[in-house]
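Each of the two chains sits in its own frame; use the hints to bring them together as a complex.
Note that the protein sequences, when read in sequence, are chains A and B. Quick note: my numbering has the first sequence finishing at residue 540, numbered continuously throughout. Quick note: my numbering has the second sequence finishing at residue 412, numbered continuously throughout.
Honestly, the hints are just simulated from the structure, not real lab data. Watch out, some of these pointers could steer you wrong.
Per the computed footprint, the stretches of chain A lying under chain B, defined by three or more beta-carbons under 8 Å from a beta-carbon of chain B, are [claimed, not checked]:
| # | stretch |
| --- | --- |
| 1 | 341 to 355 |
| 2 | 372 to 384 |
Here are the simulated lysine to aspartate or glutamate pairs, EDC-like style, with alpha carbons at most 20 Å apart [to be verified]:
| # | chain 1 | residue 1 | chain 2 | residue 2 |
| --- | --- | --- | --- | --- |
| 3 | A | K325 | A | E301 |
| 4 | B | K409 | A | D332 |
| 5 | A | K422 | A | E495 |
| 6 | A | K518 | B | E408 |
| 7 | B | K409 | A | D330 |
| 8 | A | K514 | A | E459 |
| 9 | A | K325 | A | E350 |
| 10 | A | K518 | A | E459 |
| 11 | A | K325 | A | E315 |
| 12 | A | K325 | B | E393 |
| 13 | B | K409 | A | D472 |
| 14 | A | K325 | B | E408 |
| 15 | B | K409 | A | E323 |
| 16 | A | K422 | A | E498 |
| 17 | B | K396 | B | E407 |
| 18 | A | K325 | A | D393 |
| 19 | A | K514 | B | E393 |
| 20 | A | K325 | A | E402 |
| 21 | A | K325 | A | D381 |
| 22 | A | K325 | B | E411 |
| 23 | B | K396 | A | D472 |
| 24 | A | K422 | A | D393 |
Even for Gly, the Cβ is constructed at its ideal location relative to N, Cα and C.
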Amino acid sequence: MEVSVEQRILVIIPARNEAESIGPIISEVKRLHPDFDLLVIDDASTDLTGAVARESGARVLRAPINLGYGGAVQAGFKYAYSHAYDLVILMDADGQHDPTYINTLVEASGELDMVVGSRFRGQATYKIPLIRLLGMRVFSGIASTITRRRITDTSSGFQALRREVFTMFALGSYPVDFPDADTLIWVARHGFQVGEVAVEMHERRAGQSMISGLSSSLKYALKMPLSIFVTILRIPSTQKGEDAR
Amino acid sequence: MNLQVRIMSLIVSVLFVAYVLSLVRSRKLREVDSIVWILAGLAIFVISVWVKPLVFITELIGAKFPVSTLFFSGLIFLAFVSLWMTTRISGLSEQVKELAQRLTLMTEEKPEE
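Only chain B is shown next, with the shape it has when bound in the complex (with noise of 0.2 Å):
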């Protein structure tokens, strides 16, 4: 990867990182929500200052160029967050689910003789 990326990637990955942190500050995410996205900015971070262990796995797994690996990566990693994020919704709908029907068994109404 030539300089101008390296700086450009370092500078996105810094931006990223103090957005997830005024987020949380702002009570928009939560704190434990919020570890998996700075662990991401951090890594675009560390990738851009020390680049060899981006070399290491581009010939590990054969691709040609770091910039294929990064996007690669970067896929899998979106694709896991997303599943993530799914069994998040379905837990939380079987949670609404469950609250609703509480509620609903509050609600009996006898019926008029």
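Only chain A is shown next, with the shape it has when bound in the complex (with noise of 0.2 Å):
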């Protein structure tokens, strides 16, 4: 598999507390990608995340204040942006997502502005509760039939994207909770080419998920579709690249 090496590729890894999980993914992505800069986004974690992660070989950035996951991973477009990347591989820090995956994302990218690692084309070694599946499959459905594209994990945050799309996060709005379908289809809605790839996703380390206890989702329930709905209100900019809300 040979990938271009003439790209500049960051990969972004939001962590708040993964001090235990995140050094052997570091170390691992720096095996696998030695060319590849790592940017750990800090999110104020009580632990020692931030100083694991550079001993492990990647920059880190530290959020003074919990920016929650949408905040980091934006704060990480951000870096990319002014430090003129041409692709982001964005990964979790927990374990989930497997690293050798990363060069199918990369590949994937030479034919789509964003890629998404789905479970569901390629393998989840973990079980993933009903409940939670079930959201997914309604988000992935709706996100399908509004961007005419076979979507099946929109809740993958491990991604590949082109410079366009982070651009367009980066200078406009990303959400800060939960991006999902309402951020695959605003980037279809602006003309970009967003597709899926298989990957396998494993259990996680440790620490503890983003969605987790019935709060949190049950606002993921409310809030997913809402903000589906809003995102089709809204009018994209005509020009790629430009954030029109």
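This is the structure we're talking about:
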């Protein structure tokens, strides 16, 4: 598998209290892709996430307050934009995303502007709670209908975004809490090519999921349909790479 | 509305506006944010002195008592004020996020080689 060497690629890993799992992930990414830059956004962790990430060989940005998943990711996009990267790989710090699939994402980004690693096209080596699975299916169905592309895993945070796409999010708006189907619809509505590749996802190594607990799940279930609805109502800018909000 | 109620609401409106002004004076409330509350206080004052418009509106909307109209408009007013406040909070949250991200981008630590 050949990956273009001219591209400047940044791997962004947002992390909050992931000191236990982040070290091996960084080492693995560095071993597989020594030419990629690695940026960890330490989202106001109370453990040693930042220090572990730095020791393992990543650049670290430390948020002074909890930005939330989306806020941390957007900070990463801003970094990538100001440092003129061509491609961003987004992955989680909890060990769910297998770094061996980064190559697959990078390759697919030759054809697509935004690539989502889907556990439903590939394999999830862990059991997803039924309610969660149902929500994922519903939102994927909605996203597929609106974007007219087959989307199976809207909540996957294992993604590759080309410069035009992450610039749109860096300069415009990006959901603070749960970027999901709404984000994919927004990207597709700007005329960008969105697509999926099959990846394997594992059980998280340690820590706690972003959507855990009843109130969080409820918030997700209520917020996402609303967010999709207003995303449809918003008018995308005519030019690619510009946020129209 | 009988005289007792009118005197009561007159006193309340004067006290209310005085309290709002004292908050502005002690810089606990910005002038621009106080306008809506001062206007609300003045509205109560005007209605207490001059009941005719209230009676007119009561007849217009088909309510039985002027007091019901007063309660109804009060509720609507408060609902709008709290919605407006929520938009302010959303705006402030966005600004705080923006600031925090800018601070975050200034904290880059290079990896240990």
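These are the hints, each one checked on the structure:
Taking a C-beta to C-beta cut-off of 8 Å, the stretch 341 to 355 of chain A contributes 8 residues in contact with chain B, enough for the three needed, and the coverage statement holds. Requiring three or more residues with a Cβ within less than 8 Å of a Cβ of chain B, the coverage given for the stretch 372 to 384 of chain A holds, as 3 such residues are present. Note on K325/A and E301/A: the hinted pairing holds, with a Cα-Cα distance of about 18 Å set against a maximum of 20 Å. Annotation: proposed proximity of K409/B to D332/A holds, straight-line Cα distance about 11 Å (limit 20 Å).
Simply put, K422/A and E495/A have alpha-carbon atoms about 13 Å apart, close enough for the 20 Å limit, and the pair holds. Simply put, K518/A and E408/B have alpha-carbon atoms about 35 Å apart, too far for the 20 Å limit, and the pair is violated. Between the alpha carbons of K409/B and D330/A the distance comes to roughly 16 Å, so the proposed pair stays at or under 20 Å and holds. Of the supplied pair hints, the one linking K514/A and E459/A is violated, its CA atoms being roughly 30 Å apart against a limit of 20 Å.
Restraint check for K325/A and E350/A: satisfied, since their Cα atoms lie roughly 12 Å apart, inside the 20 Å limit. Of the pairs offered as hints, the one joining K518/A and E459/A is violated, with about 27 Å between alpha carbons and a cut-off of 20 Å exceeded. For a cut-off of 20 Å, the pair hint linking K325/A to E315/A stands: about 18 Å separates their Cα positions. The hinted pair formed by K325/A and E393/B fails the criterion: a straight-line CA distance of about 34 Å is larger than 20 Å.
At most 20 Å may separate the alpha-carbon atoms for a hinted pair to count; K409/B and D472/A exceed this at roughly 28 Å. About 17 Å separates the Cα atoms of K325/A and E408/B, which keeps this hinted pair within 20 Å; it holds. A C-alpha spacing of about 18 Å is found between K409/B and E323/A, which places the hinted pair at or below 20 Å, so the restraint holds. At most 20 Å may separate the alpha-carbon atoms for a hinted pair to count; K422/A and E498/A meet this at roughly 8 Å.
Restraint check: the Cα-Cα separation between K396/B and E407/B comes to about 18 Å, which is no more than 20 Å; the hinted pair holds. Between K325/A and D393/A, the direct Cα distance comes to roughly 13 Å. Compliance with the 20 Å bound is thereby established for this hinted pair. Restraint check: the Cα-Cα separation between K514/A and E393/B comes to about 19 Å, which is no more than 20 Å; the hinted pair holds. With a C-alpha separation of about 18 Å, the suggested pairing of K325/A with E402/A holds against the 20 Å cut-off.
Proposed proximity of K325/A and D381/A is supported: the alpha carbons are some 18 Å apart, at most 20 Å. Distance check on the hinted pair: K325/A and E411/B sit about 13 Å apart at the alpha-carbon level, within 20 Å; holds. For the given pair, K396/B sits about 12 Å from D472/A by alpha-carbon distance, which is consistent with the 20 Å threshold. The suggested pairing of K422/A with D393/A holds, with an alpha-carbon distance near 16 Å, which does not exceed 20 Å.
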